[in-house]
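Assemble chain B onto chain A, guided by the hints.
2 protein chains.
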Amino acid sequence: MEFQTIGKSIWRIDGEKKVRGQALYTIDLKKDGMLHGRILRSPHPHARLRRVDTSAAAKFPGVHAVISRDDFPEGGPLSPYFGRRTKDKTVVALDKVRHVGDVVAAVAAVDLETADTALRLIEVEYEELPVVSDPVAAIAPGAPQLFEHLAEFKNNICHHTSLKHGDVEKGFEESDVVLEDTFRTPVTQHCHLEPHMALAWFDEHGRLIVHTGTQTPFGVRKSLAEIFQMAEEKIRVIVPYVGGAYGGKSHLKVEHLAATLAWKAKRPVRIQLRREEVFLTVTKHASVVRMKTGAKRDGTLVARLVELYYDTGAFAENGPNVVHKATLTSPGPYRIPHIQADGYCILTNKPSAGAFRGYGVPQVALAYETHMDMLAERLGIDSVELRIKNLLREGDRHPTGITMHSVGYEELLRKLGGEIHLEARRKGRGKKRRGKGIACMIKASNTETQSEAKVQANRDGTFTVFSATVEMGQGAETVMAQIAAEELGVPLKGVAFIPQRPDTDLTPFDAMTTASRSTFCMGNAVRRAAKNLKEKFFEFAADLMEISSQDLRVENGRVFAAGAAARGFTYKELAARHFSHNQNELIGSGFYGDEEDAKTVLPFWLVGGCAVEVEVDTETGAVKLLKLVGGADAGKAINPRLCEGQVRGDATIGIGQALLEELKFIDGQPVNASFLHYPLPSFQDVPDDFPVLLVEQPHKDGPFGAKGLAESALPAVPAAIANAIYDAVGVRIQELPITPERVLRALTEK
Amino acid sequence: MEFQTIGKSIWRIDGEKKVRGQALYTIDLKKDGMLHGRILRSPHPHARLRRVDTSAAAKFPGVHAVISRDDFPEGGPLSPYFGRRTKDKTVVALDKVRHVGDVVAAVAAVDLETADTALRLIEVEYEELPVVSDPVAAIAPGAPQLFEHLAEFKNNICHHTSLKHGDVEKGFEESDVVLEDTFRTPVTQHCHLEPHMALAWFDEHGRLIVHTGTQTPFGVRKSLAEIFQMAEEKIRVIVPYVGGAYGGKSHLKVEHLAATLAWKAKRPVRIQLRREEVFLTVTKHASVVRMKTGAKRDGTLVARLVELYYDTGAFAENGPNVVHKATLTSPGPYRIPHIQADGYCILTNKPSAGAFRGYGVPQVALAYETHMDMLAERLGIDSVELRIKNLLREGDRHPTGITMHSVGYEELLRKLGGEIHLEARRKGRGKKRRGKGIACMIKASNTETQSEAKVQANRDGTFTVFSATVEMGQGAETVMAQIAAEELGVPLKGVAFIPQRPDTDLTPFDAMTTASRSTFCMGNAVRRAAKNLKEKFFEFAADLMEISSQDLRVENGRVFAAGAAARGFTYKELAARHFSHNQNELIGSGFYGDEEDAKTVLPFWLVGGCAVEVEVDTETGAVKLLKLVGGADAGKAINPRLCEGQVRGDATIGIGQALLEELKFIDGQPVNASFLHYPLPSFQDVPDDFPVLLVEQPHKDGPFGAKGLAESALPAVPAAIANAIYDAVGVRIQELPITPERVLRALTEK
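Chains as they are written, first to last, in my numbering: chain A, 31 to 780; chain B, 31 to 780.
One or more of the hints may lead you astray.
Each pair may be met inside one copy or between any two copies, as identical chains are not told apart.
Unchecked claim - DSSO-like, lysine-lysine: derived pairs with alpha carbons at most 30 Å apart:
id: 1; residue 1: 252; residue 2: 566
id: 2; residue 1: 629; residue 2: 566
id: 3; residue 1: 252; residue 2: 117
id: 4; residue 1: 117; residue 2: 602
id: 5; residue 1: 61; residue 2: 296
id: 6; residue 1: 60; residue 2: 47
id: 7; residue 1: 61; residue 2: 252
id: 8; residue 1: 523; residue 2: 294
id: 9; residue 1: 48; residue 2: 294
id: 10; residue 1: 566; residue 2: 38
id: 11; residue 1: 48; residue 2: 61
id: 12; residue 1: 602; residue 2: 629
id: 13; residue 1: 60; residue 2: 294
id: 14; residue 1: 730; residue 2: 38
id: 15; residue 1: 252; residue 2: 602
id: 16; residue 1: 89; residue 2: 47
id: 17; residue 1: 730; residue 2: 654
id: 18; residue 1: 566; residue 2: 194
id: 19; residue 1: 200; residue 2: 445
id: 20; residue 1: 296; residue 2: 60
id: 21; residue 1: 296; residue 2: 654
id: 22; residue 1: 294; residue 2: 61
id: 23; residue 1: 48; residue 2: 60
id: 24; residue 1: 523; residue 2: 252
Please keep in mind that the hints were generated in silico from the structure rather than gathered at the bench.
Just chain A, with the same shape it has in the complex (with noise of 0.2 Å):
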């Protein structure tokens, strides 16, 4: 199949526009007579709150409302309540808080100075509660309880999932070799550039309008309707571009407040969180992982014992998810006879952990991947030959019993290895040392979420894509743009796309952009919405040719005869027709992950890997990367420019997860919530040399064989720098951040 438009790296449709400066997020958007509004935060881990009172802050001139517990009233208007899968949160804290940061009352002002001076008015007694802030400490017997009246979150608990294949202890007894390990990762931050924030205000119909840069507008409205107790599609929520989310931005997150301070004080409220303020409301779950896996001599893997401690900060958020699908995915993308995997999703009390692009992956991927680059070395058997070995192939069903489809991986392996030459190994001797490393991950998509998408015939010949997946940076916009000409069968170029925004009115449900889910599922739409559109014309255009619609094509925007290539009407030409005599709309719709999809369509894996050189100085500890490749099998690339941006922008923050990254606290007290002690990765900590790793194993299911990628290169990087180092100097660090403390006092250990 030839493609016209698919495959081609198009620049990006919302490329100039970002570079001028002229795209608009949402932190630049500004309504007459709005307020600003702060947040009176938690500064203790843990207390019970005695009393809150708002009365000096409420009478302080320039304060339109403030909102604490008072506002809701069993039976008031609003429910405080909300959640992803339990309601454990709600709006403002009721009788505890329980993490620094938690939220206690907010603030409408007439400016930002006043509000601040209104919080500070605020009078709060708090009963400071006993401390828990490690998973593994939070479900001892005797432990503090962050919830004593939810039994589903007993001991700390928030979830558990278990999986199990064959019978694992079998498995180890019938190994040659068995290791055991345990790996840790700290909580980090996303960091994305663009903080939280939300404009908000109930319209002269009483409808509630929410501009939010939110990965997830459906989701946002549908919570904000169990909170204001009113029908969803009375709430409108509007999703400018993203500056950077990564899972950060998804679910009520800061909307809540700007809606709860608009209801109350009836004018517009924005709230745009501080730095500090991002880093205490949502992070990556740190984790504890221990890990068994056993072999046979000649390298088949045989059993593998997993068990995953999350640690999810104070409340489930994400993490129950999080935690299901890492636990699914965490013996590795090979082929085991016996598993065993169990993980625990835990409440401490630390800000709350949720989605972060991987989605508890990298986690995992560090340990199985050290596991097979331990076990390479151990058995004498080169490392990509190792992991080649024991791949789930084609047809091949996952533990979970999807089967396994479009997994290029062993293509992926032998071009990582090649790319850095892992066969030709120089590791020097003075005080540097140089390494090489691999690895590889698997990652299951979320398939199984609808999209839905419309696209519009315009009256100059044009189109435009209604698609609310959210343009975060990704290219989303581009893609689906590509997907509907190429369906189409219009030239990108030249043809133009109208833009139309995620706008809860206005582009058909879509579940979320996340999980890299959007080019597979809203692309998926976007091509059969194309598809429904084109066969309008076909039908408008054989009417008038008097043929059967079956007998047309189209190229370059004509519907033309197949045989009688002189015989047909460019696109144009048929809407001016269309437009002349109708001015009814010329749309076509298109819904994926209905029940035929549900029951036909074959979920879709991430494939992705990393290959590193690195550098490292033996009396400092300090690990430098001279090469690092990631890769990812695409099914098809839509875009390789924007899959290639995808893969280098997820190896680098892989690069930050592994050398750098990690917000601490001390005894529940964050001590570095700011970018001036929070090390994120800079161009000095990239390498030069730094290519992206392209394979095509088309998915049969994908839109033009298309599937998935953006979070192909973060999980495997930790775990191919951490063999790297191993390779280089012969010390295996099985903690994030590989700091150069951590690599000094493994080799004064060693």
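What follows is chain B alone, placed relative to chain A:
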């Protein structure tokens, strides 16, 4: 057929919002960073533009943009031309100015004061030209020409409609009585309390966004697309509540100026016209109508000759359509074998006349209904009986070829006569004499225009109606909700209709909110959309219940099996079931005005009348209205209270036109273009006794039998009053307004 919602005087949906001052109008809108626009207008009625120099204004601090003819070079990005039929208007004057108030330039500045100052810095050199301000003088040989370069506007005639039926000369020969008179009406103005206003900007995607209180959102979009030479769909027109319109807010009025300034300034621009500018922007056609009527001794009408000279001011605007429509119904609602009518739309150096409630009919109704009264007197026949004798009746062919249907004139005339006890005259003897008068009218609809609507089922079982019909005070929002509720079978009360206002991105195409067309055209579209959605629900319910959807009924929001009412589901339950599995839209679509409709739908006639009792002060000439009854055939009154409000409001404008209003010009210079000097009817001028009569002759194609009625009273009011004055004091006033001076002069000359 028993209705649940139709025919009930439900309180209007927008009522509370408006009473509480919560409803937003364009005038309430502001946009962050917006500039204020002001317009430089010609002080001369006719002049050549020698020089327009904006350089000093452009340099003035605080000025962001000045536009003049220099911004429209040949082949430039903007086309200056627009217009309803002929593109005779330009954004700013290019070579000539043609009326006082013609737009020469415009300025956008940080505030109004700066903009006003900048206007004074624009240097314009005019070469004054001879002025023509009377329509009859304008078509005389040698009159100054407004458009030398447009052949189609030769002799200042921009349109001529001719209606011929039978042989009018022969008819007069056969007549026993022949009347011949000339009637005159002045320029008046709509005087909507909310002035013209627009707020426009280009968004970061290059789309043009315009908020404006227009009656024609899609018309504005189309014209702007021509000026900016971009796809219509790249422009978004949003219409909040409109504070009165009456035809004065159709098509471009101020939107193009705000948009052009925004384009040049690269900032949002708000323009709100001052009241004087409103008077100079659009008016109602002054007219000279010559009418010759021939009848048999028994009152049978035989022949009618009509000449209409309509003063359309400096540009064609809507004039050609107004004159066309007025000419076609100028013989009145009567069966006349011989007819000749010629309507001329004539250019003069006055502000443009456009659409105005009644659309050219009031000018001719004054003529034909005065003649009916004169004839009745002359022949000694009761004036109601004379009319009834000659009426066009159900099934008759109108001279235009359209079949008469839903024309309840006889019932209406008898009831109107009864209301004022026309038979019982008590004129009085002193200085104050009383008299009674009656009149009716006919106006054609424009049902050939198109409307599309959607009805959406919301997740909580409520519904949303998507209709671009503009709510400008007439109550359309409520009527559309009633139609949808009736068709769906849900109670309006208790079922929230979530409002969606007109927005060209959100609500499907609607031709316009004019000509009393909305209840009929959009009403049909809404009903079809509701039916389409109902059918989807029926199919879904039929599947669940395993019966045929044919066997389903709906009542009170519950779908059930015919004959087994216990088996069924509420819409709420069905919506919940749908959305628990699928998140795709549950929407019904309805389109009115396609080819099928064009073939089968019978256009409707506006059928109305007025009866009045007056008291004339013979010393001062003052006319006091003791009682006025407005009446109309509603087809079926969807909401009787709203119908009555429409008829009463319409009659009130008629009172103003009959007795008070005239926008005066001296040599093309307006002399009373302000609310201080232009006399509008106040509560003192409307009678205490002011009932409304509705008759209902269901229209076969109207939604539930309904049709438009909002222009049914006004055209009959001046004739009814003139007839009553004759009845009181024996003088015929044939020129509006009927001021005390005119009455007194007539009494003196008698």
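Outcome of the hint check:
no.: 1; hint: 252 / 566; in the structure: between (34 Å within a copy, 24 Å between copies)
no.: 2; hint: 629 / 566; in the structure: both (27 Å within a copy, 23 Å between copies)
no.: 3; hint: 252 / 117; in the structure: within (13 Å within a copy, 49 Å between copies)
no.: 4; hint: 117 / 602; in the structure: between (51 Å within a copy, 24 Å between copies)
no.: 5; hint: 61 / 296; in the structure: both (13 Å within a copy, 19 Å between copies)
no.: 6; hint: 60 / 47; in the structure: both (19 Å within a copy, 25 Å between copies)
no.: 7; hint: 61 / 252; in the structure: both (24 Å within a copy, 29 Å between copies)
no.: 8; hint: 523 / 294; in the structure: between (49 Å within a copy, 27 Å between copies)
no.: 9; hint: 48 / 294; in the structure: between (36 Å within a copy, 21 Å between copies)
no.: 10; hint: 566 / 38; in the structure: within (27 Å within a copy, 41 Å between copies)
no.: 11; hint: 48 / 61; in the structure: both (22 Å within a copy, 22 Å between copies)
no.: 12; hint: 602 / 629; in the structure: between (38 Å within a copy, 28 Å between copies)
no.: 13; hint: 60 / 294; in the structure: both (19 Å within a copy, 22 Å between copies)
no.: 14; hint: 730 / 38; in the structure: within (20 Å within a copy, 57 Å between copies)
no.: 15; hint: 252 / 602; in the structure: between (39 Å within a copy, 17 Å between copies)
no.: 16; hint: 89 / 47; in the structure: between (44 Å within a copy, 29 Å between copies)
no.: 17; hint: 730 / 654; in the structure: neither (41 Å within a copy, 83 Å between copies)
no.: 18; hint: 566 / 194; in the structure: neither (50 Å within a copy, 44 Å between copies)
no.: 19; hint: 200 / 445; in the structure: neither (36 Å within a copy, 100 Å between copies)
no.: 20; hint: 296 / 60; in the structure: both (16 Å within a copy, 17 Å between copies)
no.: 21; hint: 296 / 654; in the structure: neither (55 Å within a copy, 48 Å between copies)
no.: 22; hint: 294 / 61; in the structure: both (17 Å within a copy, 23 Å between copies)
no.: 23; hint: 48 / 60; in the structure: both (19 Å within a copy, 26 Å between copies)
no.: 24; hint: 523 / 252; in the structure: between (38 Å within a copy, 25 Å between copies)
In this structure, the earlier hints numbered 17, 18, 19 and 21 are contradicted, and the remaining ones agree with it.
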